[in-house]
Amino acid sequence: MIRLSRRALLISGAAGAAVAGTGLAGIGVARASTAESMIRAVIRDRFPDIRMSDEDFSRFTADYLTYMKGEGRRWLVRLAGWMPGLGTNDTLRASLPAAVQRRLVAVEDDIMHVFLMSTDFFLRRPEDGPTVSYLAYGDPLVSPCSNPLASFDA
Amino acid sequence: METFDVIVIGTGFGSSFYLRKYLQHAGPGVRVLVLERGAVHTTEWQVARKRNSEIDYNTAYIKQGLADKAWRFNIGFGGGSNCWVACTPRLMPNDFRLKSVYGVGRDWPVDYDEMEPFYQEAEEIMEISGSADGTPFPRSKPYPQPPHRFTDPDRLIKAAFPDAWFPQPTARARKATATRPSCCANSICHLCPISAKFTIANDLGDMYRDPRITLLLQAEALVIETSGGTATGVVYRKDGVETTARGDLVVLGANAMFNPFIMAKSGLEHPMLGRYLHEQVSTNVTVYLDGVDNFQGSTAITGHGYMFYDGPHRSRHGACLIEGFNRPIFRNEPGRWRQIMQLKCIVEDLPQEHNQVSVSPADSSKPVVRFEAHSDYAMRGIAALDELLPKLLAALPVERFKIDSYLNPTEAHIQGTTVMGDDPADSVIDRNMVHHRVRNLLVMGSGAFPTGAPANPTLTISALALRAAAHQHGQGSQRA
Chain A
1 MIRLSRRALL ISGAAGAAVA GTGLAGIGVA RASTAESMIR AVIRDRFPDI RMSDEDFSRF
61 TADYLTYMKG EGRRWLVRLA GWMPGLGTND TLRASLPAAV QRRLVAVEDD IMHVFLMSTD
121 FFLRRPEDGP TVSYLAYGDP LVSPCSNPLA SFDA
Chain B
1001 METFDVIVIG TGFGSSFYLR KYLQHAGPGV RVLVLERGAV HTTEWQVARK RNSEIDYNTA
1061 YIKQGLADKA WRFNIGFGGG SNCWVACTPR LMPNDFRLKS VYGVGRDWPV DYDEMEPFYQ
1121 EAEEIMEISG SADGTPFPRS KPYPQPPHRF TDPDRLIKAA FPDAWFPQPT ARARKATATR
1181 PSCCANSICH LCPISAKFTI ANDLGDMYRD PRITLLLQAE ALVIETSGGT ATGVVYRKDG
1241 VETTARGDLV VLGANAMFNP FIMAKSGLEH PMLGRYLHEQ VSTNVTVYLD GVDNFQGSTA
1301 ITGHGYMFYD GPHRSRHGAC LIEGFNRPIF RNEPGRWRQI MQLKCIVEDL PQEHNQVSVS
1361 PADSSKPVVR FEAHSDYAMR GIAALDELLP KLLAALPVER FKIDSYLNPT EAHIQGTTVM
1421 GDDPADSVID RNMVHHRVRN LLVMGSGAFP TGAPANPTLT ISALALRAAA HQHGQGSQRA
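Residue numbers (the working numbering), protein chains in the order written: chain A, 1 to 154; chain B, 1001 to 1480.
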């Protein structure tokens, strides 16, 4: 039986992010990995006002590529890697078959969902500024008690 | 050939709750054989493989009829307790008298008052979390655990419908128990990676280590042998070898698909056997909220709506139970990410004779499950949602809402097929789950349900099993 304390998990995840969070960089900074660049483009597009350290972002990206669900989605991320600019180039996207475009949107929605569930996005106060930290990978099969939205008071 | 006092088939809710009460009253010398077709799969095994059993339930039966209809169950130690979401409403009093009150379906041979103490007992065994501020059905005692936390939209609905919106009763622990941690709202209840929900393995697993029990895993019951109207034993297959065990009492607790299948192969034919297969029909509703964030709840499903459940409408269309989900989904709109809510509207079906489980002459190794269609009664209930939902959603600031254009393929409940009743001519088992003709054969599970109700069946399955065991020990209803 796996027994995890959600609070302990969130605290340890936040502490780790703070250590790694020195030298903040904008999410738009280019990275070598083309798959990572697609994830970066999705996050930048959907969350234009936030910042995240490169270390945290690399951890999130690495975990996403490790744990993302479905071979189809994995294939699409690779496709995006082979076609640089797919994440942001509307002309390039429009040249793809409609079914592939729909699947790309599904992948992007999934990235957005996992990002929101993996970070302190919803836990920040207004005075905390635009920086978001990675807590734990937001898939309960990977991090069983990491729902950042749930409340357990009466 | 070994002889036992009791042979129990299956280790799901029906079998296990029966056995629990039986053992409380049985002497130290009794011998119980338990036959479980599947294996024990630990939580870690299930999470790693994202499945509940090595046996693919979809290959265990032959599906016929409505192409979009699916059935969901589990073959393995603990049965459906592995894959269930642990929702535990009671049935409503009028669910037991649908014919008398609303002129549709048929009445159960038991009523709510007879069931109440056994509901309470089952809730205490499972340590159910439920409303501390009223319930839609009468209760003799409070729920064992406090309610789960509402979401903010739940609270708004509760304010508008104080007598119809409740925290869902559930075996997902609100507080840690001796065997389980509290639920942490990860919403993958069918695998629950932290074992926060009641399962047979988590909470009744020790019972199967009782020295009076011989538990045979991966032992498939094939036939119940009878002689002169008495069950004499069970033929089972283990490791490819067929063996017969003798028993004074046989408790059949596979499920509502395999119980009638085994009975039919055992020559226990009856015009009702296998017929009236049914379950609820449901559809999902996505509500786009205006200015209210969601998902602050402490478990996967937080709200339970009874506003469209019981009432005169049941003479025209099926009752509807509403579940409010706390599993996060997001809008792709900055600032409004969480202003969205998902509801599931669950409508009762009226059992129909032509939906049935049978044995194929061509392949008797698997049950044939034929489901032609949901009843018009159920479909009118689905259609009524267009008119009903705006009444509910008036409690919330709603931008828009969308009812799915499709029905969910299954509620993972298999009901009917061994219907209970007082008249042996139109029912398979009696009010105490005893076969009308073979009086030392008990048939557990939701196959007994004469009608289905929109509520989840597990608590009622468990209560019926406790009641049957109590009756065997002379503690049943005076009317029995």
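In case anyone wonders, no lab produced these hints; they're calculated from the structure. Do not rely on the hints blindly, as some may be mistaken.
[Claimed, not checked] Okay, the calculated beta carbon distance ranges per label pair: (1) 96(A) / 1406(B): 34 to 44 Å; (2) 1178(B) / 94(A): 52 to 62 Å; (3) 1155(B) / 48(A): 46 to 56 Å.
[What the hints assert, rightly or not] Once the Cα atoms are required to be at most 27 Å apart in a straight line, the calculated DSS-like pairs of lysine-lysine come out as: (4) 1402(B) / 1063(B); (5) 1063(B) / 1050(B); (6) 1391(B) / 69(A); (7) 1344(B) / 1391(B); (8) 1069(B) / 1366(B); (9) 69(A) / 1366(B); (10) 69(A) / 1175(B); (11) 1391(B) / 1158(B).
Since the structure is predicted, the reported quantities are computational estimates derived from the model, not experimental observations. We put the beta carbon where it would ideally sit given N, CA and C, even for glycine.
To see whether the hints hold, each was checked on the structure:
no.: 1; hint: 96(A) / 1406(B): 34 to 44 Å; in the structure: 27 Å, violated
no.: 2; hint: 1178(B) / 94(A): 52 to 62 Å; in the structure: 60 Å, holds
no.: 3; hint: 1155(B) / 48(A): 46 to 56 Å; in the structure: 32 Å, violated
no.: 4; hint: 1402(B) / 1063(B); in the structure: 31 Å, violated
no.: 5; hint: 1063(B) / 1050(B); in the structure: 24 Å, holds
no.: 6; hint: 1391(B) / 69(A); in the structure: 38 Å, violated
no.: 7; hint: 1344(B) / 1391(B); in the structure: 16 Å, holds
no.: 8; hint: 1069(B) / 1366(B); in the structure: 18 Å, holds
no.: 9; hint: 69(A) / 1366(B); in the structure: 33 Å, violated
no.: 10; hint: 69(A) / 1175(B); in the structure: 31 Å, violated
no.: 11; hint: 1391(B) / 1158(B); in the structure: 13 Å, holds
The structure does not agree with the numbered hints 1, 3, 4, 6, 9, 10 stated previously, though it agrees with the rest.
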